[in-house]
Amino acid sequence: MQVNEYKPLIVAFCCNWCSYAGADLAGNNRLNYPADVKIIRVPCSCRVNPMFILRAFQRGADGVIICGCHPGDCHYTSGNYYTRRRMALLFSMLDYLGIERERTRVEWVSAAEGAKFAATMKDFAEKVASLGENKRLEDLRCKK
Amino acid sequence: MQRIGVFVCHCGTNIAGTVDVKAVAEALKNEPGVVFSTDYQYMCSQSGQNMIKEAVAEHRLTGIVVCSCSPRMHEATFRKTAQAAGLNPYMVEIANIREQCSWVHKDMPIGTEKAVILAKAAVAKVNLNAPLTPGESPVTKRALVIGGGIAGIQTALDIADAGFPVDIVETKPTIGGKMAQLDKTFPTLDCAACILTPKMVDVAQNEKIRIFSYSEVTDVKGFVGNFDVTIKRKARYVKEDVCTGCGLCTEKCPQKNVPNEFNLGMDNRRAIYIPFAQAVPKVATIDPNYCTMLKTGKCGVCSKVCTAGAIDYSAKDEYIEERYGAIVAATGFNPISMEKFDEFAYSQSKDVITSLELERLMNAAGPTGGTLLRPSDGEHPHTIVFVQCVGSRCAACEQKGKEYCSKICCMYTAKHAMLIRDKYPDTDVYVFYIDVRTPGKNFDEFYRRAVEEYGVHYIKGMVGKVSPEGGKLKVQASDLIYGKQLHIDADLVVLAAAIEPDKSARGLATMLTASMDTNDFFTEAHPKLRPVESPTAGVFLSGTCQGPKDIPETVAQAGAAASKVIGLLAKDKLLGNPCVAHSDEMMCNGCSTCEKVCPYGAITYQDKEFRMPDRTTKVRRIAVVNEAVCQGCGACTVACMSGAMDLRGFSSKQIMAEVDAICK
Amino acid sequence: MQEIKREVLVNKAKELLSDGTVDRVLGWKRGEFDYDVTPGVFRSAEELDSGFVWGDFCGANFSKYLVKETAKGEGRVLVFLKPCDTYSFNQLLTEHRFDREKVYALGVPCNGMLDISRIKESAEGIVSVCEEDGKVTADTLYDGKKTFDRDALLPDRCSNCKSKKHVAYDELLGSDGEVLDSGRFDEVEKLEKMTADERFAFWQGELSRCIRCNACRDVCPACTCEKCVFDNPDSGVENKAAADSFEEKMFHIIRAFHVAGRCTDCGECSRVCPQHIPLHLLNRKFIKDIDEFYGEYQAGAEVGSRAPVVNYTTDDIEPSQAVERGEQNA
Numbered sequence: 569m570q571v572n573e574y575k576p577l578i579v580a581f582c583c584n585w586c587s588y589a590g591a592d593l594a595g596n597n598r599l600n601y602p603a604d605v606k607i608i609r610v611p612c613s614c615r616v617n618p619m620f621i622l623r624a625f626q627r628g629a630d631g632v633i634i635c636g637c638h639p640g641d642c643h644y645t646s647g648n649y650y651t652r653r654r655m656a657l658l659f660s661m662l663d664y665l666g667i668e669r670e671r672t673r674v675e676w677v678s679a680a681e682g683a684k685f686a687a688t689m690k691d692f693a694e695k696v697a698s699l700g701e702n703k704r705l706e707d708l709r710c711k712k
Numbered sequence: 011m012q013r014i015g016v017f018v019c020h021c022g023t024n025i026a027g028t029v030d031v032k033a034v035a036e037a038l039k040n041e042p043g044v045v046f047s048t049d050y051q052y053m054c055s056q057s058g059q060n061m062i063k064e065a066v067a068e069h070r071l072t073g074i075v076v077c078s079c080s081p082r083m084h085e086a087t088f089r090k091t092a093q094a095a096g097l098n099p100y101m102v103e104i105a106n107i108r109e110q111c112s113w114v115h116k117d118m119p120i121g122t123e124k125a126v127i128l129a130k131a132a133v134a135k136v137n138l139n140a141p142l143t144p145g146e147s148p149v150t151k152r153a154l155v156i157g158g159g160i161a162g163i164q165t166a167l168d169i170a171d172a173g174f175p176v177d178i179v180e181t182k183p184t185i186g187g188k189m190a191q192l193d194k195t196f197p198t199l200d201c202a203a204c205i206l207t208p209k210m211v212d213v214a215q216n217e218k219i220r221i222f223s224y225s226e227v228t229d230v231k232g233f234v235g236n237f238d239v240t241i242k243r244k245a246r247y248v249k250e251d252v253c254t255g256c257g258l259c260t261e262k263c264p265q266k267n268v269p270n271e272f273n274l275g276m277d278n279r280r281a282i283y284i285p286f287a288q289a290v291p292k293v294a295t296i297d298p299n300y301c302t303m304l305k306t307g308k309c310g311v312c313s314k315v316c317t318a319g320a321i322d323y324s325a326k327d328e329y330i331e332e333r334y335g336a337i338v339a340a341t342g343f344n345p346i347s348m349e350k351f352d353e354f355a356y357s358q359s360k361d362v363i364t365s366l367e368l369e370r371l372m373n374a375a376g377p378t379g380g381t382l383l384r385p386s387d388g389e390h391p392h393t394i395v396f397v398q399c400v401g402s403r404c405a406a407c408e409q410k411g412k413e414y415c416s417k418i419c420c421m422y423t424a425k426h427a428m429l430i431r432d433k434y435p436d437t438d439v440y441v442f443y444i445d446v447r448t449p450g451k452n453f454d455e456f457y458r459r460a461v462e463e464y465g466v467h468y469i470k471g472m473v474g475k476v477s478p479e480g481g482k483l484k485v486q487a488s489d490l491i492y493g494k495q496l497h498i499d500a501d502l503v504v505l506a507a508a509i510e511p512d513k514s515a516r517g518l519a520t521m522l523t524a525s526m527d528t529n530d531f532f533t534e535a536h537p538k539l540r541p542v543e544s545p546t547a548g549v550f551l552s553g554t555c556q557g558p559k560d561i562p563e564t565v566a567q568a569g570a571a572a573s574k575v576i577g578l579l580a581k582d583k584l585l586g587n588p589c590v591a592h593s594d595e596m597m598c599n600g601c602s603t604c605e606k607v608c609p610y611g612a613i614t615y616q617d618k619e620f621r622m623p624d625r626t627t628k629v630r631r632i633a634v635v636n637e638a639v640c641q642g643c644g645a646c647t648v649a650c651m652s653g654a655m656d657l658r659g660f661s662s663k664q665i666m667a668e669v670d671a672i673c674k
Numbered sequence: 023m024q025e026i027k028r029e030v031l032v033n034k035a036k037e038l039l040s041d042g043t044v045d046r047v048l049g050w051k052r053g054e055f056d057y058d059v060t061p062g063v064f065r066s067a068e069e070l071d072s073g074f075v076w077g078d079f080c081g082a083n084f085s086k087y088l089v090k091e092t093a094k095g096e097g098r099v100l101v102f103l104k105p106c107d108t109y110s111f112n113q114l115l116t117e118h119r120f121d122r123e124k125v126y127a128l129g130v131p132c133n134g135m136l137d138i139s140r141i142k143e144s145a146e147g148i149v150s151v152c153e154e155d156g157k158v159t160a161d162t163l164y165d166g167k168k169t170f171d172r173d174a175l176l177p178d179r180c181s182n183c184k185s186k187k188h189v190a191y192d193e194l195l196g197s198d199g200e201v202l203d204s205g206r207f208d209e210v211e212k213l214e215k216m217t218a219d220e221r222f223a224f225w226q227g228e229l230s231r232c233i234r235c236n237a238c239r240d241v242c243p244a245c246t247c248e249k250c251v252f253d254n255p256d257s258g259v260e261n262k263a264a265a266d267s268f269e270e271k272m273f274h275i276i277r278a279f280h281v282a283g284r285c286t287d288c289g290e291c292s293r294v295c296p297q298h299i300p301l302h303l304l305n306r307k308f309i310k311d312i313d314e315f316y317g318e319y320q321a322g323a324e325v326g327s328r329a330p331v332v333n334y335t336t337d338d339i340e341p342s343q344a345v346e347r348g349e350q351n352a
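Going line by line, the protein sequences match chains A, B and C.
In this text, residue positions in the first sequence follow our numbering: the first is 569, and each later residue adds one.
In this text, residue positions in the second sequence follow our numbering: the first is 11, and each later residue adds one.
In this text, residue positions in the third sequence follow our numbering: the first is 23, and each later residue adds one.
Just so you know, these hints were derived from the structure itself, not from any lab.
Please read these numbers as outputs of a predicted model, since none were measured by experiment.
One or more of the hints may lead you astray.
Under the rule of at most 20 angstroms between Cα atoms (straight-line distance), these lysine to aspartate or glutamate pairs were calculated in the DMTMM-like manner [what the hints assert, rightly or not]:
| # | chain 1 | residue 1 | chain 2 | residue 2 |
| --- | --- | --- | --- | --- |
| 1 | A | LYS703 | C | ASP219 |
| 2 | B | LYS618 | C | ASP219 |
| 3 | A | LYS690 | B | ASP117 |
Between beta-carbon pairs, the in silico distance windows are [stated by the list, open to error]:
| # | chain 1 | residue 1 | chain 2 | residue 2 | range |
| --- | --- | --- | --- | --- | --- |
| 4 | A | GLU670 | B | GLU271 | 15 to 21 angstroms |
| 5 | A | LEU708 | C | LEU195 | 49 to 55 angstroms |
| 6 | A | HIS638 | B | ASP200 | 54 to 60 angstroms |
| 7 | B | ASN216 | A | LYS690 | 54 to 60 angstroms |
| 8 | C | LYS90 | A | GLU670 | 53 to 59 angstroms |
| 9 | B | ILE205 | A | LYS690 | 52 to 58 angstroms |
| 10 | A | HIS638 | B | PHE620 | 54 to 60 angstroms |
| 11 | A | LYS711 | C | PRO255 | 20 to 26 angstroms |
| 12 | A | LEU708 | B | LYS583 | 44 to 50 angstroms |
| 13 | A | LYS711 | C | CYS235 | 54 to 60 angstroms |
| 14 | A | GLU670 | B | ASN529 | 53 to 59 angstroms |
| 15 | B | SER386 | A | HIS638 | 56 to 62 angstroms |
| 16 | B | ASN299 | C | GLU123 | 44 to 50 angstroms |
Even glycine gets a Cβ: it sits at the ideal position worked out from N, Cα and C.
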């Protein structure tokens with residue numbers, strides 16, 4: 569397989585109130601970003617369990633990004649603050665285990681930031697693509 | 011196993027232009043659970059919805075996937091369709107193949123491939139959906155308005171007018187707020203007191219309205235329709251229901267040197283006081299920080315002169331608890347502190363004042379009886395310099411001021427300049443500005459009159475420094491249009507201080523779980539479409555606590571907030587959100603972790619008896635979610651180690667099924 | 023050698039049994055060999071006399087056993103707690119996992135417990151182990167008598183002991199110590215300083231030995247769930263075997279994450295791992311990160327404290343900064 573043909577698979581968890589709406593706004597404004605990004609809607613970024621992230625890697629994702637309201641703007645007041653702590657610890661642990669740190673990301677995207685959403689996804693997809701296939705957290709049983 | 015119908019919408023060419031909708035419908039036919047799959051021009055149209063209803067009947071569908079626009083757009087529509095077809099509305103999932111697919115991808119094969127994946131994820135989720143029923147909760151038909159300024163007053167009057175009881179909580183001894191301190195109002199120049207005080211009287215006389223003045227909200231529990239609020243009634247040492255407001259005590263009190271906050275400290279009041287003549291409620295209040303009797307136990311003059319016997323030195327703070335269906339925040343604003351703006355010599359000279367102080371100096375009930383006199387020597391000022399945007403639009407100096415425009419300063423400065431020129435034509439008035447912003451009905455005309463008819467010198471440029479020198483204020487400024495430095499010897503300098511939300515708003519927002527922006531203004535549920543609602547259900551916003559506003563706008567928003575409250579209180583029951591957390595009692599450890607992360611206090615614990623397989627009983631501590639209080643964020647579901655806590659509608663299994671479908 | 027003698031513990035236990043303070047004793051029982059010590063329940067003076075042991079191999083942390091033991095009857099349980107055990111004890115109380123009223127806790131001082139595997143490295147067929155003046159002598163079937171420095175036989179959790187202080191007890195036998203300034207994060211730091219590839223290789227090597235016996239979970243005093251996610255087919259992570267290298271990593275990441283902020287660093291996981299995987303290095307990574315990101319926090323130091331993972335401040339470190347910080351350390 570040639571490097572430039574490689575298409576990463578990216579799972580984006582987006583909170584319903586800010587980031588999912590930001591993704592919708594990117595759509596409204598016809599802002600292009602890679603189709604490799606597939607969005608899963610969650611009520612709040614704090615709904616994202618580390619198990620979901622590992623599950624995505626297991627099933628073949630090359631990158632996982634979690635998007636929520638900006639700190640202080642959480643629809644549920646404090647959900648994204650918990651996300652921030654949980655993911656800081658989880659990502660640090662993944663890094664400690666030698667998993668490429670560019671494969672995971674947390675980004676705060678408001679409902680008004682369609683352009684930021686598209687730019688973030690483009691950037692994330694590029695970074696993940698440059699890492700190539702996820703080998704360090706893959707599950708051979710789930711390979712096609 | 012579910013029997014799922016998949017409906018792929020063309021949305022005209024919005025979707026069909028980039029996604030091969032027929033191929034999507036075809037590809038979904040073989041997904042587990044799918045028994046019917048089709049496409050249609052406009053799924054949301056009447057005929058599209060009928061198509062869904064017919065398919066439900068014909069194919070005995072138990073679940074529906076609509077591949078269309080964002081669920082934020084039409085999820086509610088299709089849920090209603092499902093309900094009309096006899097399905098539970100929560101058996102519907104939307105695959106967002108417009109905003110998140112056809113509109114952002116240009117290539118048909120790529121768009122189609124992604125649409126198929128998104129649809130498969132939705133199917134995977136519906137396979138695990140369960141019918142959900144929203145809980146019902148009653149509505150307490152009483153509203154609470156926090157803040158008794160013009161915003162709170164108008165909101166309370168409008169709600170009471172619709173027949174619902176309202177309580178106003180005001181921290182000051184009287185309602186009236188900032189407007190009571192103003193002299194005239196722009197752009198009509200009618201006197202603020204003349205239009206405000208009748209409304210204050212209306213409030214006092216309205217049977218539906220209770221005023222809790224000199225009081226604070228200390229705790230809010232509950233949720234829309236049923237907020238349990240604790241109100242602290244600060245001890246005012248005067249029995250409200252006994253005091254006649256005669257004012258004798260406020261004349262006899264020997265403690266005369268208390269800075270009068272109503273006049274912004276420019277004169278003094280007594281330790282027992284009525285803030286101003288038209289105060290509502292018109293009862294005296296003892297200031298415990300200055301009262302000799304309360305501090306040393308020696309004095310008691312007010313008690314002796316009070317013929318009504320209203321004085322009670324042993325009064326204590328009281329707490330009352332009341333239940334409300336809706337809460338309106340109307341906490342208002344304050345001018346920012348001028349401490350950090352010492353280039354204008356505010357702390358060095360009494361003759362450098364803020365615009366609000368000028369209002370008091372020009373007001374007939376103010377410290378000078380309405381004659382404009384310099385605070386330092388009581389002389390009539392001949393040269394007055396107004397500085398605009400002090401602390402407003404201060405992007406570079408965030409530590410000092412505010413980034414935003416305070417909105418009202420341009421207009422009140424024009425008003426001040428005009429009034430001064432009108433009353434004292436021998437006075438030279440200079441206004442230094444960055445821009446003059448006058449968007450509003452009759453606003454620009456008003457400003458033009460100040461310049462053209464009243465001869466106010468408007469100079470584009472900022473004042474660099476004010477230095478007190480020999481009884482004068484040396485003003486150094488730049489004139490940006492003529493490109494020169496100006497030196498003006500002024501008698502009075504007036505600073506248009508930026509306004510900021512009242513400090514109490516932050517704590518209140520936490521109690522209400524209402525969100526705020528970085529400037530501590532309350533955030534609206536939607537900046538355009540829901541401007542008077544907070545994102546927290548049942549909490550509404552009135553006046554400047556939401557953003558800088560003038561009086562007409564404040565009154566308009568106050569009325570709008572009232573109408574939203576009335577709409578809520580007119581309902582007998584509210585339907586809740588069924589997508590809430592629930593705990594599996596068999597797996598729950600009772601460890602209290604979930605309780606700690608719940609922003610709403612929706613989780614409590616109980617000891618429950620379990621029958622064990624060996625026929626003994628075991629008492630275990632388990633978590634119980636109050637479904638009416640839970641808002642469904644899911645913070646608890648991740649905090650829970652055992653996985654006992656899960657979220658309806660977004661269960662771990664459902665989300666993982668979506669992950670699997672996407673990563674397949 | 024432990025500071026306090028077995029007789030003191032046994033006599034105290036007998037006294038509390040006879041005066042009715044407790045009706046059973048959670049203590050250490052001899053297994054097949056001297057060094058093979060397991061937890062046991064004693065109900066009489068006779069049982070204590072014949073079965074109770076106390077010495078350098080009494081490493082087991084009894085806190086976790088209280089969850090099930092206290093639920094068995096109305097009577098009180100006597101439990102012996104070494105300083106590090108008391109942290110687990112408090113953490114379990116914080117999580118309401120047992121009824122404090124049903125426990126009588128006796129604090130016992132600890133000089134560090136020996137790791138038999140260090141002796142086994144150079145001596146086969148150990149018959150008995152005894153100690154004198156800081157020297158440990160093992161009598162073996164195949165290698166004769168072997169003598170070691172006691173300090174060399176301490177496992178990491180003891181050589182890097184975080185605290186000799188008891189944070190909970192009803193009664194203390196012997197003397198209490200202090201919270202120590204240990205080098206327990208040195209190993210974690212070493213790993214942090216490696217490149218990502220080196221770290222990956224290190225952990226791949228360690229974790230690939232995992233046989234998924236679940237001993238680390240079963241012994242962990244923080245793992246007391248009524249039903250563990252790894253035993254629950256509905257959780258999506260249930261698996262009974264380390265069938266793939268992903269499975270090993272996921273198990274240990276999730277396990278460490280589930281105890282993050284709750285792990286007291288007692289080191290039981292590493293003690294019981296039959297594959298000698300340094301599992302404490304995962305837990306300590308979380309503890310170190312929590313200390314550095316959110317301020318020092320020792321789980322179990324106080325009953326009722328709020329762990330940093332269920333707390334926040336508005337200006338917390340961003341996940342991206344958290345990961346980059348590792349780079350700066352390197």
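Hints, one by one, checked against the model:
A hinted pair counts as satisfied when its Cα atoms are at most 20 angstroms apart, and LYS703 of chain A with ASP219 of chain C qualifies at roughly 12 angstroms. Of the pairs offered as hints, the one joining LYS618 of chain B and ASP219 of chain C is violated, with about 51 angstroms between alpha carbons and a cut-off of 20 angstroms exceeded. This hinted pair checks out: LYS690 of chain A and ASP117 of chain B have alpha carbons roughly 16 angstroms apart, not beyond 20 angstroms. In this structure the supplied range 15 to 21 angstroms is violated for GLU670 of chain A paired with GLU271 of chain B, their Cβ-Cβ distance being about 57 angstroms.
For LEU708 of chain A paired with LEU195 of chain C, a C-beta distance near 54 angstroms keeps the hint of 49 to 55 angstroms intact. Between HIS638 of chain A and ASP200 of chain B the beta carbons are some 43 angstroms apart, a value that contradicts the proposed interval 54 to 60 angstroms. Between ASN216 of chain B and LYS690 of chain A the Cβ separation comes to about 58 angstroms, which falls inside the hinted range of 54 to 60 angstroms. Checking the proposed 53 to 59 angstroms range against LYS90 of chain C and GLU670 of chain A shows it is violated: the Cβ atoms sit about 45 angstroms from each other.
For the pair ILE205 of chain B and LYS690 of chain A, the supplied restraint of 52 to 58 angstroms holds, since their beta-carbon distance comes to about 56 angstroms. A C-beta distance of roughly 44 angstroms is found between HIS638 of chain A and PHE620 of chain B, which places it outside the suggested range of 54 to 60 angstroms. Roughly 23 angstroms separates the CB atoms of LYS711 of chain A and PRO255 of chain C, a value that falls within the hinted 20 to 26 angstroms. Distance hint check: the CB atoms of LEU708 of chain A and LYS583 of chain B are about 55 angstroms apart, inconsistent with the given range 44 to 50 angstroms.
Restraint check, LYS711 of chain A to CYS235 of chain C: a C-beta distance of roughly 27 angstroms breaks the suggested window 54 to 60 angstroms. At roughly 35 angstroms, the beta carbons of GLU670 of chain A and ASN529 of chain B sit outside the given window of 53 to 59 angstroms. Distance hint check: the CB atoms of SER386 of chain B and HIS638 of chain A are about 47 angstroms apart, inconsistent with the given range 56 to 62 angstroms. As the Cβ distance of ASN299 of chain B to GLU123 of chain C is approximately 49 angstroms, the hint placing it in 44 to 50 angstroms holds.
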